[in-house]
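Participant: Chains A and B, in that order, are what the protein sequence lines are. Quick note: the first sequence, position 178, residue 178 per this note's numbering, numbers continuous. Whatever position you read off the second sequence (first residue = 1), add 1000 for this note's numbering.
Keep in mind that a hint or two might mislead.
[Said to hold, decoys possible] Examples of chain B residues toward chain A, derived with CB under 8 Å:
1) Gly1240
2) Trp1244
3) Ala1254
4) Val1326
[To be verified] Only pairs whose alpha carbons sit at most 30 Å apart, straight line, appear in this in silico DSS-like list of lysine-lysine:
5) B:Lys1077 <-> A:Lys113
6) A:Lys113 <-> A:Lys130
7) A:Lys113 <-> A:Lys253
8) B:Lys1169 <-> A:Lys20
9) B:Lys1077 <-> B:Lys1026
10) A:Lys232 <-> A:Lys250
Hint data in this document are derived by calculation from the structure and do not stem from the laboratory. Ideal Cβ positions, reconstructed from N, Cα and C, are used throughout, including at glycine.
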Amino acid sequence: MVAPQTGAATIGAINIRGVKKTFTHQDGSIIEALSNVDLSVAAGEFITLIGPSGCGKSTLLRAIAGLHPVDAGELTLDGEPITGPAAERGLVFQDPLLFPWLNIHDNVAFGLKARHLYREHKAEVGQFLKLVGLETFGKSYPHQLSGGMQQRAALARALVNQPSVLLLDEPLGALDAFTRMNMQDEIIRIWQERKTTMIMVTHDVDEAVYLADRVVVMCPRPARIEEIISVKRERPRARSHPDFLQLRGKLLKILDFGGQEREPEYRI
Amino acid sequence: MNLFITKTMRYLATAWAAVKELRRVKLWWVPMTIGIAILLELLLSNHDSQPATKYAYYRYLVFIALAFFLTLAVGAKFFPRWREKLLHISAFYTAVFLALNIYHLATQKFGLLPALFFPSPGRILEALVVDFRYLIVDCLGSSAKLLAWGYFTGAIAGFFTGIAVGFNKTAAYWVNPLTRIIGPIPPTAWIPIVLVAFPTTFSGGAFLIALAVWFPAAVMTGSGIANVPNAYFEVSSTLGASRWRQIFYVGIPAAMPSIFIGLFTGTCSSFITLMTAEMLGVKNGIGWYVNWQREMLSYANVYAGLIIIAITFYLLITLLFRLRDVVLVWQKGVIKW
Ligand SMILES: Nc1ncnc2c1ncn2[C@@H]1O[C@H](COP(=O)(O)OP(=O)(O)OP(=O)(O)O)[C@@H](O)[C@H]1O
Ligand SMILES: [Mg+2]
């Protein structure tokens, strides 16, 4: 693998100011997917994005990726306005979306080939396949892989490009609990090694707290950022640390899943 | 009465046993069928409505077939793979030789069909052998040249039309109405115009065939590309793919299944157009040969020509199927047509 960078990350700072995005549906109704979103992400920061379904998380990620123009506001990466998609902002979609006509190796190699870097960086394809545990599946076609394996291949495909910002839209949603925890640790490892700025959408409160420097909570109608919670814990983190339990409770409360306030009687 | 029933029962049992025995010797069905055909050929005298042939071509054929299938049946004892294959094709070739035998009996032996229009297998074989060089080198060669020119021109033009229509809105605006108006007209309907508008019948014929391939190739390529999920283009753009790369490395491969359907349709209509063009205007080629022999009332040669046509088109379509299987290995559980 490429030698880990030392020191703090210098590239990958994202600034989002007053971003609005509306969709007009076939029946003429107007959906406000993002209404006035502000967010600054420092270079090399790990952000997790959490919120109920349909609150605009994917839309925000796609806007950062440059996949659709926003109606108002501005997005910048290291001070440069984001105008369209580029390899510096990698995106792992909610669905794996592997190219079915390419085998797994060629799927992962796609970005390198597109950027004419394949000749020099050929070996990295194998390394990233190994990283996601698919080194023996290079010759297989996507339909021959399980959903979780496909999602891991999609992750490798984005990682091999070594973007300065990696946008992850529930990349681990399809994985079983053990693979999931493994992949979380791998993502942390890659993040620490590469100093990549990470913005990851998740539906899992534990995952959000375990991974993030800051957890961004979004809420629907109006779709905006409700709260940002810093998780100031050293890494590697202990998954069952009591502080996490507390943070978890706080998040659930913001999301309106706090339950009753009183102490449960069933103490163990 | 009771005796009658017992007797019938016994007959039925014997017949059933015979059938079961037949199933057991499936490997020998084809040689047995051919053997019967040979016996009938040797024992029955020819009907005099069918003109005599110089050589006994039918006998050569059945003896060669017998030798071939006997070798297979004996070889099947030693090679399990042969056995498997032979067991698979046994029923089919039994039916083939049965049908051939029945036709042989109906024409050569009993003269049940008008000899002019239904030549015996021996006479068809004679026509094939006598005209073989002419059929293959001159007729088929000329047809192949015409077909190749027309087919590749049409397929390439259709492919690029489809790409333009699939990726470019302006191209779609101008070209789509054109394909919708010109496309459904059967290419052969242009023959009267094409024959006078083109300097040679060859160029005219090639143009008609190109037209026949162009339409389905263009439509299926265009709609194939239009139906590629946008998400694939989005993924490739976040991976740093240029517009050009998105067209050639995402859009076209994703549209390949649809493009192949267009090519198959185009191939079939190119065959029809080739035959019609040769029968109506072009003065050589296998279609012209068939038509010419028909006018001369030598139907044995007509059948010989048809056999060559059938084999050629079968081989071409098989080739296209093979090509598709290679190009579309990545397709899973899709209905293979
Ligand atoms: N392409 C689109 N066209 C029309 N409406 C859209 C489009 N994309 C998103 N929306 C609307 O925007 C809103 C936010 O969608 P988005 O996909 O961002 O939600 P999400 O937070 O990612 O949800 P989930 O957690 O279920 O993935 C939804 O109400 C959706 O209907
Ligand atoms: Mg989403």
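Participant: With reference to the structure, classify each hint as holding or not holding.
Facilitator: Here is what the structure says about each hint:
Taking 8 Å as the C-beta contact cut-off toward chain A, the hint placing Gly1240 of chain B at the interface holds, the least distance being around 3 Å. Hint on Trp1244 of chain B is violated. Least Cβ distance to chain A is approximately 10 Å, over the 8 Å limit. With its C-beta approaching chain A no nearer than about 7 Å, Ala1254 of chain B sits inside the 8 Å limit, and its interface hint holds. With a least beta-carbon distance of about 13 Å to chain A, the hint placing Val1326 of chain B at the interface is violated under the 8 Å criterion.
Of the pairs offered as hints, the one joining Lys1077 of chain B and Lys113 of chain A is violated, with about 54 Å between alpha carbons and a cut-off of 30 Å exceeded. Simply put, Lys113 of chain A and Lys130 of chain A have alpha-carbon atoms about 19 Å apart, close enough for the 30 Å limit, and the pair holds. Taken as a hint, the Lys113 of chain A and Lys253 of chain A pair is broken in the structure, with Cα atoms around 46 Å apart against an allowance of 30 Å. For the hint pairing Lys1169 of chain B with Lys20 of chain A, the CA-to-CA distance comes to about 29 Å; that is within 30 Å, so the pair holds.
Between the alpha carbons of Lys1077 of chain B and Lys1026 of chain B the distance comes to roughly 13 Å, so the proposed pair stays at or under 30 Å and holds. Only pairs whose Cα atoms come within 30 Å are accepted, and Lys232 of chain A paired with Lys250 of chain A is accepted, the gap being roughly 15 Å.
Going down the numbered hints, you'll see the structure goes against 2, 4, 5 and 7, while the others check out.
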